[in-house]
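Number of protein chains: 2
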Amino acid sequence: MVGRQGIKEHSGELDVTLKEWTGYRDSVQDELKEIINRTPPSLRNILRYHMGWENEKGCARQGKPGKFIRSILHLLSCRAVGGDTAQVLPSAAALELVHNLSLIHDDIQDRSHERHGRPTVWKLWGKSQAINIGDFMLALASLALLKLKDNGVPSEEIIYSFHLLTEACKELCEGQCLDIEFENRVDITVEDYLNMIRKKTAALIAASTSMGAYLGKGGEKAQYFHQFGEALGMAYQIRDDILGIWGIRESTGKSIEGDLRQRKKTLPVVYALRESKNKAKLKRLFSQRHIGVGDIPIVVEILDQSGARDHAQNLIQKYCRRALEQLEASGVERNHQAALKQMANSLAERNY
Amino acid sequence: MVGRQGIKEHSGELDVTLKEWTGYRDSVQDELKEIINRTPPSLRNILRYHMGWENEKGCARQGKPGKFIRSILHLLSCRAVGGDTAQVLPSAAALELVHNLSLIHDDIQDRSHERHGRPTVWKLWGKSQAINIGDFMLALASLALLKLKDNGVPSEEIIYSFHLLTEACKELCEGQCLDIEFENRVDITVEDYLNMIRKKTAALIAASTSMGAYLGKGGEKAQYFHQFGEALGMAYQIRDDILGIWGIRESTGKSIEGDLRQRKKTLPVVYALRESKNKAKLKRLFSQRHIGVGDIPIVVEILDQSGARDHAQNLIQKYCRRALEQLEASGVERNHQAALKQMANSLAERNY
Numbered sequence: 008m009v010g011r012q013g014i015k016e017h018s019g020e021l022d023v024t025l026k027e028w029t030g031y032r033d034s035v036q037d038e039l040k041e042i043i044n045r046t047p048p049s050l051r052n053i054l055r056y057h058m059g060w061e062n063e064k065g066c067a068r069q070g071k072p073g074k075f076i077r078s079i080l081h082l083l084s085c086r087a088v089g090g091d092t093a094q095v096l097p098s099a100a101a102l103e104l105v106h107n108l109s110l111i112h113d114d115i116q117d118r119s120h121e122r123h124g125r126p127t128v129w130k131l132w133g134k135s136q137a138i139n140i141g142d143f144m145l146a147l148a149s150l151a152l153l154k155l156k157d158n159g160v161p162s163e164e165i166i167y168s169f170h171l172l173t174e175a176c177k178e179l180c181e182g183q184c185l186d187i188e189f190e191n192r193v194d195i196t197v198e199d200y201l202n203m204i205r206k207k208t209a210a211l212i213a214a215s216t217s218m219g220a221y222l223g224k225g226g227e228k229a230q231y232f233h234q235f236g237e238a239l240g241m242a243y244q245i246r247d248d249i250l251g252i253w254g255i256r257e258s259t260g261k262s263i264e265g266d267l268r269q270r271k272k273t274l275p276v277v278y279a280l281r282e283s284k285n286k287a288k289l290k291r292l293f294s295q296r297h298i299g300v301g302d303i304p305i306v307v308e309i310l311d312q313s314g315a316r317d318h319a320q321n322l323i324q325k326y327c328r329r330a331l332e333q334l335e336a337s338g339v340e341r342n343h344q345a346a347l348k349q350m351a352n353s354l355a356e357r358n359y
Numbered sequence: 008m009v010g011r012q013g014i015k016e017h018s019g020e021l022d023v024t025l026k027e028w029t030g031y032r033d034s035v036q037d038e039l040k041e042i043i044n045r046t047p048p049s050l051r052n053i054l055r056y057h058m059g060w061e062n063e064k065g066c067a068r069q070g071k072p073g074k075f076i077r078s079i080l081h082l083l084s085c086r087a088v089g090g091d092t093a094q095v096l097p098s099a100a101a102l103e104l105v106h107n108l109s110l111i112h113d114d115i116q117d118r119s120h121e122r123h124g125r126p127t128v129w130k131l132w133g134k135s136q137a138i139n140i141g142d143f144m145l146a147l148a149s150l151a152l153l154k155l156k157d158n159g160v161p162s163e164e165i166i167y168s169f170h171l172l173t174e175a176c177k178e179l180c181e182g183q184c185l186d187i188e189f190e191n192r193v194d195i196t197v198e199d200y201l202n203m204i205r206k207k208t209a210a211l212i213a214a215s216t217s218m219g220a221y222l223g224k225g226g227e228k229a230q231y232f233h234q235f236g237e238a239l240g241m242a243y244q245i246r247d248d249i250l251g252i253w254g255i256r257e258s259t260g261k262s263i264e265g266d267l268r269q270r271k272k273t274l275p276v277v278y279a280l281r282e283s284k285n286k287a288k289l290k291r292l293f294s295q296r297h298i299g300v301g302d303i304p305i306v307v308e309i310l311d312q313s314g315a316r317d318h319a320q321n322l323i324q325k326y327c328r329r330a331l332e333q334l335e336a337s338g339v340e341r342n343h344q345a346a347l348k349q350m351a352n353s354l355a356e357r358n359y
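Going down the list, the sequences are from chains A and B.
Read in order, the letters of the first sequence correspond to residues 8 to 359 in the numbering used here.
Read in order, the letters of the second sequence correspond to residues 8 to 359 in the numbering used here.
Check each hint, because a few of them may be wrong.
You can't tell identical chains apart in this list, so a pair holds if it fits in one copy or across any two.
The calculated DSS-like cross-link candidates involving lysine-lysine, where the alpha carbons are at most 27 Å apart (straight line), are [to be verified]:
(1) 290 - 40
(2) 290 - 134
(3) 156 - 286
(4) 74 - 284
(5) 26 - 290
(6) 130 - 286
(7) 325 - 130
(8) 284 - 26
(9) 284 - 64
(10) 325 - 40
(11) 290 - 271
(12) 130 - 271
(13) 224 - 156
(14) 71 - 284
No wet-lab data here; the hints were simulated from the structure.
Source: prediction; values computed, not measured.
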């Protein structure tokens, strides 16, 4: 089943944009490879596996790379204000490192066996090494930021970039803390949920866009880019929630049932626990220690009937509109907004 | 049993020094409290518990605080070169945060149930939250370094401090990676071992002393302080290994058998696996998945008879001498070396 709302056909213009994104993604990958390849073999192999560049035996593989959303948004934001994207490749790499550390630790926390259709790091190397490799990536992210100096970024700006990235990391952990706490609760409000994803997901995306605009010398425009990234991050996470329930495994590379079995308080669940006519039954199902495979279709049916999906999709539209408004308000020239607008729309409608 | 080598009686001079260390420790604790108390309650409570300031219910407790070795060495190094210790309290706090993050993650990795005689963070809050709180502490460490700006430290120096701390974090993870790998091996050489502890333990202590001397405007003296800290860190870890086998629980707060049961390749074990006349038997014991409680006395007896303890103690002396030589070589005035010398000696002979 492909999302009910479907995905817009690629226009010729979007094809050009996709080509540009691919170029950015490749540049960030090269930057990451330079950083990662300098690390000792035992850690490097795990990192190269996680990034999808190698299989677990260390042989090169041609797989679908990650989405690189944060780094592409970073570079697009830098360019939108007239900045030099080549100069900020190290900060783009730092953002991807933080994001990937959060994935590796998240997979341990959620007991996820697969990511992008491949065994997760902890499944192959054990939880101890997976914890360690995540910590290592956070150190590499700092090293990446320090590399900005070699590209001529002034010390003051590097320090402010550290400030932006560190605040985002802090919020990410705060959001993750709430996400874990929420698993054991059935009384989460939509407001609680929005606060949680603002920290867990939107903060790092907001740091990506604002740091891009800041390092691109966008001055006061950076705060609009922060708001743009935050709103886009909210839309992105809600879309993720929808895909976690109604997505197709081949596109997302994730087990569809993971979020539900883990009793994650995704937006559709939070909504249905409050609004569904079967909320008592849903509450009972979510009060178990784990939701059994057999109960999943029952949960999905309750969610389907509750209107939770439309509610979530409406919120995505709302955040997406807000993101685009902030982009307009930034005062950046229209033609420089185009690529960011397209990215925002495509993320809000994605099926992957 | 108190360590065979015993501990030197406290001289009057040492009492003065102890008072000074306590003052430094209290100042760093205050700095840490300021940082930690600004975080959201759910994370703050775990941090305050781990630091020993509260019990698990959030009630204040008067417990023995940690040793604060890294931050005290940082402040003493700063002062030794004529620097302002009040100015560098944030970097002292950053060092403690990194160290404590490594303890929290280490306890999950080693499945340790107790630290300082109290349940570990993961035992009380689960592994997911313990992983998360560690990540959070690394973000707080960066925030602490950024606070140096408020104390008038120039941007260039903050960036160099980030460089020193980040390199140490990277090495810490590399060392941790080796430590975990070594658990499954019985062919570790003393050289392998020394390389592992140089990264796992000595790197952060070296960063503590060199960053202290650097921020204290010690200029080229900082590299001698790096060597001093590294050698001291080696001595410190080997002493830790000895206490892990022959220490007393009441002093160390750790289970004595932890290292052995976990098949840790501590120096006495590495030595005995190569030099003991019973090495074949020892190898068999260490080739099991876990060493049973019943086998521990057999292992300890083999270690006792092998001369592993004297060998380790001799290496401590060697590293301690090297540390003091570097301190001499730094050209710091003799009376400014005294406190650091005393700290080095007391760490090498500690029973706690």
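Q: Please work out whether the CA atoms of residue 130 and residue 271 approach to 27 Å or closer within one copy, between two copies, in both situations, or in neither?
A: Cα proximity of residue 130 and residue 271: in one copy and across copies (21 Å, 22 Å).
Q.
At most 27 Å between CA atoms: does that hold for residue 325 and residue 40 within a copy, between copies, both, or neither?
A. Neither, since 38 Å and 40 Å both go past 27 Å.
**Q.** Up to 27 Å CA-CA - residue 40 versus residue 290, copy category
**A.** Neither: 46 Å inside a copy, 40 Å across copies.
Q | Copy assignment of residue 130 with residue 286, given that the CA separation must stay at most 27 Å | A | So residue 130 and residue 286 fail the 27 Å test inside a copy (35 Å) and across (34 Å) alike.
(Q) With identical chains, the pair residue 74 and residue 284 could be close in the same copy or across copies; at 27 Å between alpha carbons, which is it: within, between, both, or neither? (A) neither (38 Å within a copy, 58 Å between copies)
Q) For residue 71 vs residue 284, is the C-alpha pair at or below 27 Å within one copy, between two copies, both, or neither? A) neither (42 Å within a copy, 55 Å between copies)
Q: Evaluate residue 290 and residue 134 at a C-alpha cut-off of 27 Å and name the case that applies: within, between, both or neither.
A: between (32 Å within a copy, 26 Å between copies)
Q.
For residue 156 and residue 286, with the copy left unspecified, which applies at a CA distance of at most 27 Å: within, between, both, or neither?
A. neither (55 Å within a copy, 52 Å between copies)
Q) Within a copy, between copies, both or neither: where do residue 284 and residue 26 come within 27 Å Cα-Cα? A) neither (47 Å within a copy, 67 Å between copies)
**Q.** Alpha-carbon proximity between residue 325 and residue 130, which holds within one copy, between copies, both or neither at 27 Å
**A.** neither (38 Å within a copy, 42 Å between copies)
Q. How would you classify residue 224 and residue 156 at a CA-CA limit of 27 Å: within, between, both, or neither?
A. both (15 Å within a copy, 22 Å between copies)
Q: Using 27 Å as the alpha carbon limit, work out where residue 284 and residue 64 are close: within a copy, between copies, both or neither.
A: neither (51 Å within a copy, 38 Å between copies)
Consistency with the previously given hints fails for numbers 1, 3, 4, 5, 6, 7, 8, 9, 10, 14, ordered from lowest to highest.
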